[in-house]
Amino acid sequence: MSLDLDEIDRAILNNYQGGFPICERPYLAVAEKLGISESELIERLQSMLEKKQLSRFGPMYHAERLGGGLSLCAMHIPEAEYERVNEQVNAFPEVAHNYARDHTFNMWFVLATETPERISTVLKEIEQTTGFKVYNMPKKKEFFIGLKFEV
Amino acid sequence: MTETDDIILDELDRKIIVATQSGLPLVSEPYAVIASQVNSSTDEVMRRTERMLAAGIIRRIGAVPNHYTLGFKGNGMTVWDIPDEKVTECGEKIGALDFVSHAYERPRHQPQWNYNLFAMVHGKDREEVEQKVQLIADMLGEDNRGHEILYSSRILKKTGLRLASTK
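First to last, the protein sequences are chains E and B. Per this note's numbering, residue 1 is the first one in the first sequence, and the count goes up by one each step. Per this note's numbering, residue 152 is the first one in the second sequence, and the count goes up by one each step.
No wet-lab data here; the hints were simulated from the structure. Note that the Cβ used here is the ideal one computed from N, Cα and C, for glycine as well. Hints are not guaranteed to be accurate.
[Unchecked claim] According to the in silico footprint, chain E covers these stretches of chain B (three or more CB under 8 Å from chain E):
id	stretch
1	159 to 171
2	179 to 190
3	194 to 205
4	209 to 221
5	281 to 287
6	292 to 299
[As the list claims (entries may be wrong)] List time: in silico EDC-like cross-link candidates among lysine to aspartate or glutamate, alpha-carbon distance up to 20 Å:
id	chain 1	residue 1	chain 2	residue 2
7	E	Lys-140	B	Asp-235
8	B	Lys-309	E	Glu-64
9	E	Lys-139	B	Glu-201
10	B	Lys-275	E	Asp-4
11	B	Lys-308	E	Glu-81
Could you put the whole structure together from the sequences, leaning on the hints where they help?
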């Protein structure tokens, strides 16, 4: 892999996918361990964010524990209707992200609602608006989320 | 992480969440910046953050790598039909693999949808994803009654999850 990452960027990525300290000057604390200055660490993080090598930096929240509803939903939409349905589905603010996938179930989106009860309401609204069935596939059990992957 | 240590989030916690869900400020004293945004003290914000981390409201604090730009161009959502009584055992085995980023049990919708275990598999291209999926299939043996890889062909919408700001 030819990536625009030097040894220090790799050390940041591999060692701080979690465990970033909570203290008044956390960047200073980590920079000292990496043998660089606080401002250099901040600049490197900014640069990796700008280059989209990081999708974000900071606390990652556990969505379900914030009290809202969350579910993965799938639809199978005929090709001729796809663009119309896509526009209708995306217009719901509760649709957080939506992916086209190569399968008869060809539309997959995540619903995020203010309360868990709202999931079934929004789901029915999507079915009524689009005229197609929505398959609700909420998480029943989580085995792992995160990354152990090294660059 | 257990499900028994749930805590009640109050107004200040929610303000801290809203202030940090897109990221920790990239400044020398990030918790002081958050404190000024939520009208609290740095110590209180750090204490709340520690509490939410301990309770699993915050999964972790740090860098969230972007698989795609870091060279993992082949990402497949793999779905598996596992006997219900084996799904936890198989899910834990799959979740422990270093090329899997998420693994969940989800409901079937028979007869249209028979799969009950989902795992995101990452590789540098589709060929590598397929090799890894074969490794999983070999590992599961007869517990695997069928599987498929669903590649994403297009991102139709991506806004991320956002908690609405409190009034």
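Hints and how they fare:
1. 159 to 171: Satisfied; 3 residues make the cut.
2. 179 to 190: Result for this restraint: holds, n = 5.
3. 194 to 205: Holds, because 5 residues of the stretch 194 to 205 of chain B bring their Cβ atoms closer than 8 Å to Cβ atoms of chain E.
4. 209 to 221: n = 12 at 8 Å, threshold three: holds.
5. 281 to 287: Since three or more residues must qualify, the claim that chain E covers the stretch 281 to 287 of chain B is violated, with 0 doing so at under 8 Å.
6. 292 to 299: Our answer is that it is violated, as 1 residues pass the Cβ test (under 8 Å) against chain E, missing three.
7. E:Lys-140 with B:Asp-235: 12 Å, holds
8. B:Lys-309 with E:Glu-64: 19 Å, holds
9. E:Lys-139 with B:Glu-201: Measuring from Cα to Cα gives roughly 27 Å; hence the hint is violated.
10. B:Lys-275 with E:Asp-4: Measuring from Cα to Cα gives roughly 16 Å; hence the hint holds.
11. B:Lys-308 with E:Glu-81: 17 Å, holds
The structure shown violates the earlier hints numbered 5, 6, 9.
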